[in-house]
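Asks: From just these sequences and the hints, can you work out the full model?
Below are the chains, spelled out letter by letter.
Protein chains: 6
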Amino acid sequence: MSKILWINPIGTDAFDKVIKDGLMQIKQDGTEVEVVSLKKGPKHLEYRYYEALVIPELLQIIRQAEKDGYDGAVIGCFYDLGLHDAREIVENMVVTAPAEACGHIAATMGYKFSVVVTEDLCIPQMADNFTSYGLKDKVASFKSLKMGVHDLHKDERLTIQKIKEKAKEAVENDLAEVVILGCTIQFGFYKEIQDFIKVPVIDAIIAPFKYTEFLVELKNRFGWTHSKKYGFQSPPISEMIEWGLD
Amino acid sequence: MSKILWINPIGTDAFDKVIKDGLMQIKQDGTEVEVVSLKKGPKHLEYRYYEALVIPELLQIIRQAEKDGYDGAVIGCFYDLGLHDAREIVENMVVTAPAEACGHIAATMGYKFSVVVTEDLCIPQMADNFTSYGLKDKVASFKSLKMGVHDLHKDERLTIQKIKEKAKEAVENDLAEVVILGCTIQFGFYKEIQDFIKVPVIDAIIAPFKYTEFLVELKNRFGWTHSKKYGFQSPPISEMIEWGLD
Amino acid sequence: MSKILWINPIGTDAFDKVIKDGLMQIKQDGTEVEVVSLKKGPKHLEYRYYEALVIPELLQIIRQAEKDGYDGAVIGCFYDLGLHDAREIVENMVVTAPAEACGHIAATMGYKFSVVVTEDLCIPQMADNFTSYGLKDKVASFKSLKMGVHDLHKDERLTIQKIKEKAKEAVENDLAEVVILGCTIQFGFYKEIQDFIKVPVIDAIIAPFKYTEFLVELKNRFGWTHSKKYGFQSPPISEMIEWGLD
Amino acid sequence: MSKILWINPIGTDAFDKVIKDGLMQIKQDGTEVEVVSLKKGPKHLEYRYYEALVIPELLQIIRQAEKDGYDGAVIGCFYDLGLHDAREIVENMVVTAPAEACGHIAATMGYKFSVVVTEDLCIPQMADNFTSYGLKDKVASFKSLKMGVHDLHKDERLTIQKIKEKAKEAVENDLAEVVILGCTIQFGFYKEIQDFIKVPVIDAIIAPFKYTEFLVELKNRFGWTHSKKYGFQSPPISEMIEWGLD
Amino acid sequence: MSKILWINPIGTDAFDKVIKDGLMQIKQDGTEVEVVSLKKGPKHLEYRYYEALVIPELLQIIRQAEKDGYDGAVIGCFYDLGLHDAREIVENMVVTAPAEACGHIAATMGYKFSVVVTEDLCIPQMADNFTSYGLKDKVASFKSLKMGVHDLHKDERLTIQKIKEKAKEAVENDLAEVVILGCTIQFGFYKEIQDFIKVPVIDAIIAPFKYTEFLVELKNRFGWTHSKKYGFQSPPISEMIEWGLD
Amino acid sequence: MSKILWINPIGTDAFDKVIKDGLMQIKQDGTEVEVVSLKKGPKHLEYRYYEALVIPELLQIIRQAEKDGYDGAVIGCFYDLGLHDAREIVENMVVTAPAEACGHIAATMGYKFSVVVTEDLCIPQMADNFTSYGLKDKVASFKSLKMGVHDLHKDERLTIQKIKEKAKEAVENDLAEVVILGCTIQFGFYKEIQDFIKVPVIDAIIAPFKYTEFLVELKNRFGWTHSKKYGFQSPPISEMIEWGLD
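The listed protein sequences correspond, in order, to chains A, B, C, D, E and F.
The first sequence begins at 1 in our numbering and counts up by one.
The second sequence begins at 1 in our numbering and counts up by one.
The third sequence begins at 1 in our numbering and counts up by one.
The fourth sequence begins at 1 in our numbering and counts up by one.
The fifth sequence begins at 1 in our numbering and counts up by one.
The sixth sequence begins at 1 in our numbering and counts up by one.
Fair warning: there could be bad hints in the mix.
Heads up, the list lumps identical chains together, so a pair's fine if it works in one copy or across two of them.
Below, a list of computed lysine to aspartate or glutamate pairs in the EDC-like style, where the Cα atoms sit at most 20 Å apart [claimed, not checked]:
| id | residue 1 | residue 2 |
| --- | --- | --- |
| 1 | K146 | D174 |
| 2 | K168 | D120 |
| 3 | K229 | D195 |
| 4 | K229 | E239 |
| 5 | K168 | E119 |
| 6 | K162 | E172 |
| 7 | K39 | E242 |
| 8 | K146 | E169 |
| 9 | K39 | E57 |
| 10 | K136 | D174 |
| 11 | K40 | E57 |
| 12 | K229 | E172 |
Rather than coming from a laboratory, the hints here were simulated on the basis of the structure.
Replies: In structure tokens, the structure reads:
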């Protein structure tokens, strides 16, 4: 039995129900799922500033989740905001995020992968993330839809059409062998794109959620979880209490 | 329900039972496991020549496994011999191997990992493999025990002592945050090393097996498996039949 | 005439006066300097969690600074926390931080540089930063003092002695041609180390401050400042107002 | 006097005579040449599976060649299959292969080279090979003819026309300064392409053969041949005999 | 007060006056400027041979400049010819050059920069230079005008039009966030291009000159200048005198 | 029949005879050899300044050699000074140099090579050269003898002893599989070191000379020589005549 928390780190619960419903369909039998979002804050995270604003509350949710007995938490945005911070502040709960999970899965499935993003402005930060994860040489290309996050589901046929075009360019021109949908809000599309393009199309909600289930099992069975040596070493509780940060 | 085949690609069944027993303890409830080895051939794979000799039979076992309804197969040697070949020749069965699985898991758990290998002569090939997997920048160091594969269990206390020394050097000098035991025959040791060194110590049998269970679930549920475009494209059956290769 | 704000992004003004005094001695004639710290929060930033907590207030200070007519702001911590976020949220004010400034200066002065950090746990994040700045191949090594930030000035002779040892190792063993003091609170030491080690020793307060004066001149004279295309594109004001983020 | 064996590692002698004739024209006076192919097996090696199947026989041929007094052997396929395995199993005979030889020669002749391959599916494996050889940064691009190996000589004018187009794209768009014909069966074309494109066009038969003559001279005169330390260390004969692998 | 020498390392004073006039407008109040060119030699430096011919006289000018009390010297060509040689032969004078200065500034201003060069033949050498400076991963692309140096000012409207086209391609297709004008003789154009393209456009005369003023201040105030350890270590004077090289 | 010129680019003929004698013993029957040095100039090239001073005369010798019917020229110093310049200024004569030739040969013989240099100050420039040649990832380490060039033959037993120590460290600690003697004046030592260390030890005179014979044969037989497109494009003769540079 494992308990996993999906966090939409945005100030709207607009996507909570649809994501919860989706996760209920794909979770393992023994997994309990909850989905939360933030009480306030930006309604999407296309900008670094928006990310910075929500990270403290996101980290509090994650810390509380560990206290509440969750085994794992997923940061539900393809920027993977606060991922390393969260791994530092938890004791041994698993924390994952979409880009990292999709990247490792995709790297196992093909020689190079391409990432379909919403807008060009996403690319520098995402490229730095894949570099930090050690996967830079597996990236064939980024392909931008030039659409905002909240437009993705306004006309779903149009969105799917655009993603198909970008996926085709990625596979034919950039020799991508796998396509990653580089925004959690591209949910619901992967199957149709995959049937069309004939290479694995990785969904940014399913992949990190299943990766979390996987890592939770590794943690619970073998004690393998984020290393607390060096990069993810936790601050001392006494210091946090003294400074009112706990 | 999934069926997974562990293949010891060596000409001895000396390790089959112990590995089967181990896998039975760590598998998911719904997983069926079988362990096989080769009818003849070298009894370890420290040399490239030995690998080359066993790959054709290994690939036949993998092809047959797919026909027999297996969902996944693990190539049980940290050289990951024949991994890419196998992904080409299967239709959509999952194929994994230790170094790739351990590498992706370890990269999720820490900034850099070190690999404890049996002998220095392993390092060039293994380093090339991690480069091919895109994980080169995550490798802190290789540490050599300077022991042959078949000596690992002769004096287990001695082996554990040596691994502890190498793990300590890796963590303290090379700043490894995770340690990988870079030979499947280092089985049975990870827990004691992990308790000693206080960072995740990844076992080269457990990790690829659990990774296979994970990938099999992704394949069965979402159709995500090794891309058949470009690098893993299968040869045409008609040609194989014509040439007597099927 | 230019106005520059130095921000100590920590919840203590303990270092404000000494840094202000230091900056008054090294600033150009036409530069106005102010030093601020945070109202509350952690008293050092050795942990990612602490960084995450202070970034929102840090960004508000930077936004306000631009409204108040500052030409440049320095984020006074060698982790360069919030640097890219800040460049996104300002309109055209210069924002700098120690690691980036020291890195570019050091790369101009020698083939490779080493960074003397307080503790090993700093290294993964700092290494990622230098990679993001494009300077990864210029890093000879990180050298850790194994001292906390607030211990650096407890026994200054001891600290200087330790830095000298690490600098010597860096120059002699790792062939560093330049040494960077990788923590702003190593202030006051560079000259003595430099006289000892006979290579440039870059101070993490002076370097980013002077780099800011330099960039401010480029901005004011030639319109060269952080590009607002892609990675540093600002969120739309209307959206921020609508969401109460302004 | 040196004896060199060219091996077409495919189950057809269709190309043996034409290659032998070609080599007779380009060899040095003191070189003796033989060309062999396999008794059975795939008739081309476009797939990894086909490579894996032929490697054991290829390695036996190479071992036997050393016993028969050959100074060098060339593995006649641009995938360089079994190259590292062969260097391990020989004692001090030279073994070469097309991609490695062409790559080193081309890197000496210009800043970047492009490789004209038969099909896109060749690229991942070949790219990994150039990375393993240390030449990754010298590759300007791969250009695919989208033709099978056995179609290359069906309509030679058409093939030459296609190679010219790809070579032109490589030179003009990708700034290649040298072009490599990335398949041994593109033999007979290099001169006409070279006259057209005005940069060196390296033939995948001539280059490795001449490189072998060169390395054989180094071996015979100075004792320089493949290092037997670490990566190419040979398995112990006693073990091979015991296991019936000799 | 600082004295800076701009050197046009070509055998014509055709550009001396216009560059001197330009520098007078952008220098700091306390800076003294002189501009010199060579007595004879090639009138542009598009070829490596031309560079090699002028470097000895260039180095003599730089050595003499240090004796004459200059604080800094700029090598006025985007190939940065002799930059490392000069840093070796001076004692502690600052020496800079356009590509290095532009690269560091541009890397501070955006994620990736593109360089607009005169001709394709410039690219290999310039790419190697950016690699040597550690900035290879910051280069989005090189864009060639396919114009000779001496044609740049023949029809300035045409030149500006071409640079605009190349800058637009760089920003829109290659996602450059900053554009560098990769030839000093593209002077006078940056403002108009910058107003058009809306990203920083770095001028190859202004940038290294201001960078020199900056480095001179660092040298004079903090003793930070080119490291004399290893790569820039000066030859012994006694030896130079003995060999008549002084 | 081929004619090759070895150039000692230093102002002393002290090494001409011994090198000529050595080359006579290792050349192919059909090769004519000449050795020249410079009329004046520095007597070693440990410093970049010294290199810069001799390059113009070196290039004139190389140009003249081509007019005199030489097929190839070797620049006899491990810094490979002027190598790219020379390839630009010749029409189609082969030009080689020690580091490039040794690097390509060594990369064929083992996974990684180490370079034994005279002094630490050589390393930055040599490291940049190997990067430019695309061989950076093949370098295991540089090992410094801390001896000047003219001391190498003062006490040959001592020098050999020191090289053995460094070679041993390289092989045992850095896992080098090949050792390069990184200075032409380490001539005469390779065999004894090689017998001792049991890996190929590449001599910096023999290797480039034989590589030149090899490239000359490729040029004469197949028209393969340095590409004249882009990086090595020659300046127009008319311009050189007009400017008095011919």
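Asks: Compare the structure with each hint and give your call.
Replies: Status of the hints after comparison with the structure:
Taking the shortest Cα distances, K146 and D174 sit within 20 Å of each other both inside one copy (19 Å) and across copies (15 Å). Both within a single protomer and between protomers do K168 and D120 lie at most 20 Å apart by alpha-carbon distance, with minima of 18 Å and 15 Å respectively. In this homomeric assembly, K229 and D195 come within 20 Å of each other (Cα to Cα) only across copies, at 13 Å, whereas the closest approach inside a single copy is 43 Å. For a Cα distance limit of 20 Å, the shortest separation of K229 from E239 inside one copy, 18 Å, qualifies, whereas the shortest one across copies, 41 Å, does not.
Taking identical chains as interchangeable, the C-alpha atoms of K168 and E119 lie at most 20 Å apart whether they share a chain (18 Å) or sit on different chains (18 Å). Taking CA atoms no more than 20 Å apart as the test, K162 paired with E172 passes in both settings, with 15 Å inside one copy and 19 Å between copies. Taking the shortest alpha-carbon separations for K39 and E242, only the inter-copy value of 16 Å comes in at or below 20 Å, while the best intra-copy value is 27 Å. For the identical chains of this complex, K146 and E169 are neighbours both inside a copy (15 Å) and across copies (17 Å), given an alpha-carbon limit of 20 Å.
In this assembly of identical chains, the alpha carbons of K39 and E57 lie at most 20 Å apart whether taken from the same copy (9 Å) or from different copies (19 Å). In this assembly of identical chains, K136 and D174 lie within 20 Å of each other by CA distance both inside one copy and across copies; the values are 15 Å within and 17 Å between. Proximity of K40 and E57 under a CA criterion of 20 Å is satisfied in both settings, with 10 Å inside one chain copy and 17 Å between copies. Taking the shortest alpha-carbon separations for K229 and E172, only the inter-copy value of 10 Å comes in at or below 20 Å, while the best intra-copy value is 43 Å.
Of the hints listed earlier, there is not a single one the structure fails to meet.
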